[in-house]
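Visitor: Line by line, the protein sequences give chains A and B. With full-length UniProt numbering, the residue at position 82 of the first sequence is 82, and numbering never jumps. With full-length UniProt numbering, the residue at position 109 of the second sequence is 109, and numbering never jumps.
Keep in mind the hints are simulated off the structure, nothing from the lab. Quantities reported herein were computed from a predicted structural model and do not represent experimental measurements. C-beta atoms are modelled at their ideal positions from N, C-alpha and C, and glycine is treated no differently.
DEER-style ranges, computed between Cβ atoms:
no., chain 1, residue 1, chain 2, residue 2, range
1, B, 125, A, 40, 31 to 39 Å
2, A, 81, B, 123, 44 to 52 Å
3, A, 62, B, 148, 16 to 24 Å
4, A, 128, B, 136, 16 to 24 Å
5, B, 152, A, 128, 36 to 44 Å
Protein chains: 2
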Amino acid sequence: MSKLILHEYAQSGNCYKIRLTAAHVGVAIERRDYDIMAGATRSPAFLASVNPNGRIPVLQIGDDFLPESGAACLYLADGSPLIPHDRFDRADMLHWMFWEQYNHEPNIATLRFWHAFVGEDRLSDLQRVQVPAKQAAGAAALALMDAHLAKTPFLAAGRFSVADIALYAYTHVADEGGFALRQYPAVTAWLARVAAQPNHIPM
Amino acid sequence: MSKLILHEYAQSGNCYKIRLTAAHVGVAIERRDYDIMAGATRSPAFLASVNPNGRIPVLQIGDDFLPESGAACLYLADGSPLIPHDRFDRADMLHWMFWEQYNHEPNIATLRFWHAFVGEDRLSDLQRVQVPAKQAAGAAALALMDAHLAKTPFLAAGRFSVADIALYAYTHVADEGGFALRQYPAVTAWLARVAAQPNHIPM
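Make the full structure from the sequences, and use the hints.
Guide: The following block contains the structure:
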């Protein structure tokens, strides 16, 4: 495999997903940190050479750049036991990963960012007015996971996959966004199962 | 393959992506329509038996249910030429699909839904206040696509893939959300290339 460089912000759950996948498949990645609070991913150099979308994470593979955490995790896990062999199970893993980016991350990760990194006092009016809807949608996402995980030990195919890595990243720090994980016992039991996997690394 | 049933709303671009993928791989799907404006996907029966997330599309495969349009498209296209063989190209296709769900759909599809289906007069205050930010983010998404498609005929791997299907769905009706596609010449040329593919079907 070509040399791997992760363009990242260490406290981002999306970046952590990629490091956690790399740890599970046993590949080394070099880390390059950007101060997103200071706009480092919106600089002309970053936009021109790393990601025109102005966001981290980006996984650099040799001279190629791969944005989007889900794509980077699936690249790293390609051919490994982290991806189910069965066609439906593999698609079901992808379902949870798309669901995370649409229903979970924009609510739970965004509220964590606003609450723990930006600060309540510095929110814009547009951000502030969206807080209640994001609280409700984030709680609904955790409740949906809880109902599912009450029936199965892992999200897809009944065993540990990239879907668990993708959902673990922001779920295990949901308290930082104002959510009470203790209200979701099947989720907290699953978080412990994920953290107990061999080769697990903390954020 | 087991019998396929698409639980859908015909005017949804997310549902169209799945029908378009099925047309390209030549598999028949039965269609079951839900009146989302009347809350048909929030009924207890739908939540219990089709999708606890209360959303369409869901691809039913025999007795299994697969939510999330991207997962359903990738399930149908599995093993077909719509998925690049090369490891990086395949991940790059996924990057565009995740990008679509995070950066494109919540802006362009949502404004189309609010504008053409809900109606300006019926928007809630919370929806109304988000319109300018979604207009800006949607225009940025189209500009990013335009810059990319000025350099390559298709989004990933230089050839037609599931990424093109996923982005075509809401891009080709972006005017219905108040965007002016004529401002993005590389996008409009790409839309014509996608629509000219053998087995293409309209929404």
